[in-house]
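Asker: Residues per chain are reported as follows:
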Amino acid sequence: GAVVSQHPSRVICKSGTSVKIECRSLDFQATTMFWYRQFPKKSLMLMATSNEGSKATYEQGVEKDKFLINHASLTLSTLTVTSAHPEDSSFYICSARTGTSDRPSSYNEQFFGPGTRLTVL
Amino acid sequence: AQKITQTQPGMFVQEKEAVTLDCTYDTSDQSYGLFWYKQPSSGEMIFLIYQGSYDEQNATEGRYSLNFQKARKSANLVISASQLGDSAMYFCAMRDSNYQLIWGAGTKLIIKP
Numbered sequence: 001g002a003v004v005s006q007h008p009s010r011v012i013c014k015s016g017t018s019v020k021i022e023c024r025s026l027d028f029q030a031t032t033m034f035w036y037r038q039f040p041k042k043s044l045m046l047m048a049t050s051n052e053g054s055k056a057t058y059e060q061g062v063e064k065d066k067f068l069i070n071h072a073s074l075t076l077s078t079l080t081v082t083s084a085h086p087e088d089s090s091f092y093i094c095s096a097r098t099g100t101s102d103r104p105s106s107y108n109e110q111f112f113g114p115g116t117r118l119t120v121l
Numbered sequence: 001a002q003k004i005t006q007t008q009p010g011m012f013v014q015e016k017e018a019v020t021l022d023c024t025y026d027t028s029d030q031s032y033g034l035f036w037y038k039q040p041s042s043g044e045m046i047f048l049i050y051q052g053s054y055d056e057q058n059a060t061e062g063r064y065s066l067n068f069q070k071a072r073k074s075a076n077l078v079i080s081a082s083q084l085g086d087s088a089m090y091f092c093a094m095r096d097s098n099y100q101l102i103w104g105a106g107t108k109l110i111i112k113p
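Chains as they are written, first to last, in the numbering used here: chain A, 1 to 121; chain B, 1 to 113.
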């Protein structure tokens, strides 16, 4: 099956620093990657959708200058939390989607990374 | 507006019993997909089962089955013969026309030995 990796799995940083999280599709090309944020015991909250070679589409309320997303290739997307603060501490999950939007999808086409737990001190 | 509702924040079930996790959805799309994911304490999202809106038969995957009632807009997950390893958070999700997933609040399932 399709495998998505995330690195790092866990990061602790000081307030004010920037943290980069990588999301890679290991055995398939991902035209679209999604970045989610999850608070403890809560559901996933979509932050942004990134398509290879174009700017990410951010959900309402997500600061694009704070959460920089780069989808440089069909297998790699990065999320950079700039000038991190304690309130940015969370579990960040990426997913990668195969297929194209003009083709009907009838199966699980969104594959999730294992997540990154960010703690900002 | 599109929405997924999971009304059970938590459930306790005896090992080996069957369990039903509720999920209702709201959408005006004619074509949509419904998913169930399992999230153990490690955090990874594990795909369990998928049901397409035009699928006439209920989806089944091993011990998992999806009780799809389109008129009632419900897509309940049934786990047969529950095991201790089934203890986890379970999320129902719906794929919208932009291929984004809309998530329910989740149900925490605890299997008792």
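Honestly, the hints are just simulated from the structure, not real lab data. These numbers were taken from a predicted model, which means no experiment stands behind them. It cannot be assumed that every hint is accurate.
[Claimed, not checked] Below, in silico cross-link-like pairs of lysine to aspartate or glutamate (EDC-like), each with a Cα-Cα straight-line distance of 20 Å or less: (1) A:Lys42 with B:Asp86; (2) A:Lys42 with B:Glu17; (3) B:Lys73 with B:Glu56; (4) A:Lys20 with A:Glu52; (5) A:Lys41 with B:Asp22; (6) A:Lys41 with B:Asp55; (7) A:Lys42 with B:Glu56; (8) A:Lys41 with B:Glu44.
[To be verified] Derived list of chain B stretches under chain A, where covered just means 3 residues or more per stretch with a C-beta under 8 Å from a C-beta of chain A: (9) 38-45; (10) 101-107.
[As the list claims (entries may be wrong)] Label-pair ranges, simulated between beta-carbon atoms: (11) A:Val3 with B:Gln69: 31 to 39 Å; (12) B:Gln14 with A:Arg10: 28 to 36 Å; (13) B:Glu44 with A:Ile12: 16 to 24 Å; (14) A:Pro86 with B:Ser41: 17 to 25 Å; (15) A:Lys14 with B:Gln83: 25 to 33 Å.
Using N, Cα and C, we set each Cβ at its ideal position, and we do this for glycine too.
Asker: Does each hint hold? Answer for all of them.
Answerer: Hint check results:
no., hint, verdict
1, A:Lys42 with B:Asp86, "holds (19 Å)"
2, A:Lys42 with B:Glu17, "violated (26 Å)"
3, B:Lys73 with B:Glu56, "holds (14 Å)"
4, A:Lys20 with A:Glu52, "holds (18 Å)"
5, A:Lys41 with B:Asp22, "holds (18 Å)"
6, A:Lys41 with B:Asp55, "violated (32 Å)"
7, A:Lys42 with B:Glu56, "violated (32 Å)"
8, A:Lys41 with B:Glu44, "holds (14 Å)"
9, 38-45, "holds (count 4)"
10, 101-107, "holds (count 5)"
11, A:Val3 with B:Gln69: 31 to 39 Å, "holds (34 Å)"
12, B:Gln14 with A:Arg10: 28 to 36 Å, "holds (35 Å)"
13, B:Glu44 with A:Ile12: 16 to 24 Å, "holds (20 Å)"
14, A:Pro86 with B:Ser41: 17 to 25 Å, "holds (23 Å)"
15, A:Lys14 with B:Gln83: 25 to 33 Å, "violated (42 Å)"
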